[in-house]
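Single-letter residue listing:
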Amino acid sequence: MSSAVASRQLREVGLDEVRAISRGAAVLGTGGGGDPHIGALMAAAAVRAHGPVALTPLAELPDDAVVLPVAMMGAPTVMVEKIPSADQVGRAVDVLTRHLGLRVTHVACIEAGGVNSLVPVAAAAELGLPLVDGDGMGRAFPELQQVLLTLTGVRATPMAVVDEKGNCAVLDTVDNRWAERLARSVTIDMGCSAMISNYAMDGAAARRGLVPGTISLAASLGALLEPGAAGDDPAGAVAEHLGGRVLATAKVVDVERRTTTGFARGTAVLEGSGEHAGSTMTVDFQNENLVLRAGGRVLATAPDLICLLDTATGAAITTEQLRFGHRVSAVVAPCDPRWRTPEGLALAGPAAFGYPDDAVLLEGVPA
Amino acid sequence: MRIGIDVGGTNTDAVLLGDDDAVLAAVKSPTTSDVSSGITASLAALQGVRAFDPSGVRAVMIGTTHFINALVEANRLAPTAALRLGLPATAALPPMVDWPQRLVTAVSGRAYLAHGGHEFDGRTISALDPDELRRHAADMAAHGVRSVAITSVFSPVNTEFELRAAEVLAQELPDVAISLSHQIGRIGLLERENATIVNAALRELASDIVGGLFAAVAGAGIDAPIYLSQNDGTLMDVEHARRYPVSTFASGPTNSMRGAAVLSGVTTCAVVDVGGTTSDVGVLTRGFPREATTEVSVAGIRTNFRMPDVLSIGIGGGSLVRGGGSSVTVGPDSVGYRLTERALVFGGDTVTATDIAVAAGRADIGDASLVAHLDPSVVKAALARIAADVADAVDRMRTSSQPLPVVAVGGGSVLLPDHLAGSGEVLRPENFAVANAIGAAIAQVGGEVDRVFTIEPGRRGDVLEAARAEAVERAVANGAVPSSVEVLEIDEVPLPYLPGGATRIRVKAVGDLSLAPGAASDRREPAAVGTRG
Chain A
1 MSSAVASRQL
11 REVGLDEVRA
21 ISRGAAVLGT
31 GGGGDPHIGA
41 LMAAAAVRAH
51 GPVALTPLAE
61 LPDDAVVLPV
71 AMMGAPTVMV
81 EKIPSADQVG
91 RAVDVLTRHL
101 GLRVTHVACI
111 EAGGVNSLVP
121 VAAAAELGLP
131 LVDGDGMGRA
141 FPELQQVLLT
151 LTGVRATPMA
161 VVDEKGNCAV
171 LDTVDNRWAE
181 RLARSVTIDM
191 GCSAMISNYA
201 MDGAAARRGL
211 VPGTISLAAS
221 LGALLEPGAA
231 GDDPAGAVAE
241 HLGGRVLATA
251 KVVDVERRTT
261 TGFARGTAVL
271 EGSGEHAGST
281 MTVDFQNENL
291 VLRAGGRVLA
301 TAPDLICLLD
311 TATGAAITTE
321 QLRFGHRVSA
331 VVAPCDPRWR
341 TPEGLALAGP
351 AAFGYPDDAV
361 LLEGVPA
Chain H
1001 MRIGIDVGGT
1011 NTDAVLLGDD
1021 DAVLAAVKSP
1031 TTSDVSSGIT
1041 ASLAALQGVR
1051 AFDPSGVRAV
1061 MIGTTHFINA
1071 LVEANRLAPT
1081 AALRLGLPAT
1091 AALPPMVDWP
1101 QRLVTAVSGR
1111 AYLAHGGHEF
1121 DGRTISALDP
1131 DELRRHAADM
1141 AAHGVRSVAI
1151 TSVFSPVNTE
1161 FELRAAEVLA
1171 QELPDVAISL
1181 SHQIGRIGLL
1191 ERENATIVNA
1201 ALRELASDIV
1211 GGLFAAVAGA
1221 GIDAPIYLSQ
1231 NDGTLMDVEH
1241 ARRYPVSTFA
1251 SGPTNSMRGA
1261 AVLSGVTTCA
1271 VVDVGGTTSD
1281 VGVLTRGFPR
1291 EATTEVSVAG
1301 IRTNFRMPDV
1311 LSIGIGGGSL
1321 VRGGGSSVTV
1331 GPDSVGYRLT
1341 ERALVFGGDT
1351 VTATDIAVAA
1361 GRADIGDASL
1371 VAHLDPSVVK
1381 AALARIAADV
1391 ADAVDRMRTS
1401 SQPLPVVAVG
1411 GGSVLLPDHL
1421 AGSGEVLRPE
1431 NFAVANAIGA
1441 AIAQVGGEVD
1451 RVFTIEPGRR
1461 GDVLEAARAE
1471 AVERAVANGA
1481 VPSSVEVLEI
1491 DEVPLPYLPG
1501 GATRIRVKAV
1511 GDLSLAPGAA
1521 SDRREPAAVG
1531 TRG
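Taken in sequence, the protein lines are chains A and H. In this text, residue positions in the first sequence follow my numbering: the first is 1, and each later residue adds one. In this text, residue positions in the second sequence follow my numbering: the first is 1001, and each later residue adds one.
A few chain A positions that, by computed beta-carbon distances, are all more than 10 Å from chain H:
{"id": "1", "residue": "19"}
{"id": "2", "residue": "341"}
{"id": "3", "residue": "346"}
{"id": "4", "residue": "355"}
Cross-link-like lysine to aspartate or glutamate pairs, in silico, EDC-like; alpha carbons within 20 Å at most:
{"id": "5", "chain 1": "A", "residue 1": "165", "chain 2": "H", "residue 2": "1132"}
{"id": "6", "chain 1": "A", "residue 1": "165", "chain 2": "H", "residue 2": "1129"}
{"id": "7", "chain 1": "H", "residue 1": "1028", "chain 2": "H", "residue 2": "1430"}
{"id": "8", "chain 1": "A", "residue 1": "165", "chain 2": "A", "residue 2": "87"}
{"id": "9", "chain 1": "A", "residue 1": "251", "chain 2": "H", "residue 2": "1392"}
Since the hints were made in silico from the structure, they are not lab data. Note that the structure is a prediction, hence the values are computed from the model and not measured. Note that the Cβ used here is the ideal one computed from N, Cα and C, for glycine as well.
Model the full structure from these sequences, guided by the hints.
This is the structure in structure tokens:
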């Protein structure tokens, strides 16, 4: 994360950190990424059973480290019903390790937003391995290929997909988009909630392709949002911590939802309040918040982070929770500079989600 | 005639309603720790206010906070086992993993995992293993378990395994009460399981209390069916109440809202119930409270059964008033039940919202001369603060930009202005003091469907129609007059990240309770219980 404000570097993840990460990851989820609650319970259970997880700063990874990210793939709605089995979280990493014939040294996060910020904590605890303090996006995106690792040439395959019954698939695909497509089919057959491990890389590749410090960042954001900690302007505090800006304080006056190709798409209409009184804004979302507009003008787009926070508490509001009457603050924060390259914008800019708009990114971010 | 009784934490309210729902008599008495003597006293008090022929009473509706209080106080809970079907899935988080230890101890909670469960689309995760269940049953018996909560993965989609496991357990443990999660909660395994365990732990107490209610009503010579009011404002018969005590948990605020609707004649509105410490704002749509869509914590346990969506703000008759000029604050701290010693109008030393109301001439409580010295600008600013905060709370509860009428009830409602910004006139019905009991007496019953449906292209209309028909059928099975049943709510949520048209559909139907002699819910021969109340 290119945040101007350095987060305190965490060295381990214990029970307190799990709670804080869960709160912060909901902000980095930019409306999507799934409710971190189940991930937090799983991580807490694993930490209780095996002890705190050591956190390795990206900069300290040796070049020859073997780093395997792990994540949950599928529908968060399914995950809250069919909770994974105890060994499932670690098994995706085991399967891939065996397939590669390598000895894994570190577990990593694919995304820092939502439930997948904490699934790797549970996996690392189960496997007794350290977790890398970083992730593949610095936020949450819906599709598997939408990681910086795709830009830095790390392949999504071979890829392990495991279910709770002991089934596993190892995919070898021609590119990262095919990995997304085939893994999703397998996941659906497995009951729509599977554990995956992919993007195997060495330490040098991890340093090139991961966003540094995002676990620490989620934890410090979460600490900022502990009740009473952020004072009377929690959204402002979040914006400052992320090096971003509060672009609007508003009330949600309408939410329109529709579904196409499996994604919950929609638009929320915001009526400005306070210094933004009189203006009307809209947020287009597809699980995550993607385009923020005011009066026909685009104010911000993905891959920058568009977070809708409860104005009073600073708590992140998911696109599923949005409803009339919510008092929200729209915080826009800069994405990792690598997302701002032409290749990055092609992968995760408005066009990648089918919007005709050009990317509009927060100014003043060092490239 | 019918009788409505609301047994609150402090007061028990009772009303006698005529066949046209007119209030014939209303009484308020202190709640007793023994439910049946409290009901007996209320019925006698009603007779005292207006003599009536007990044989002319066609139904008695009771709302009670006893069960939720028993949970909060961890009092008289049965030794309970949680049996979860879903192995090898779900083992990462066993039953009661997120419970406060105090409550696990209070229910002597034991957790069992077994094979079973379904996928989101109804396929099985693994086959049910009766031998495995028998082994668990033997262990439960050895540990003195008296009530069991069974939860199977995706049982709202497919109820089969919960029903079959219940049969196996009933054979092994014939004296043990069994609660099934698909009859209690929604999708969300841990929350549904938690609600089911809580229900199971309350089963013995529910049986005692229901027996007591029955005896008290019979003792007053009333030979009419008894119903209990549920969280969603519909009624259940006593047999259902024995089996589903959690369904009464939020009946207090619900009864108050529904009573407000009847008293004001407005059925789609926001209700502001102003008490001593808080103002609770809820929304009624066609007479029924809107339900919370998120999880609700009860005594520190996350659950997902049906609860009304209520927003509480810290403004009530006992709220502390501080500061002067434009910086006046009201609440959120309150003198609470000590209002009659602390408020200025009662000779106390603390400026409360009640003092402001008296100083402004809105209420005649205590000694008005004791607040005559209050600065008029402070009084005005405090009232403006209250009006702004309540208006804001009402606004947050609205679901559309359409204006919503506001009905004010509760002793503290004198604090509210006659007009609220954004909402217009504030309606203040008569008899607001017994709104709870009137809410309990409004006889309607409901039926609900909440499942994930697969909607193939072009079939959406058929699927919705099938779901509606099923909800209506369930309402009728629960005792509704078929011709009166209407669909109250349809909620359709496509499941994200899932292709194939998987859609969660909730339909709720309600109808008037059949009060005809020999109707399905006659109390002496309880009918089969509907799958949902």
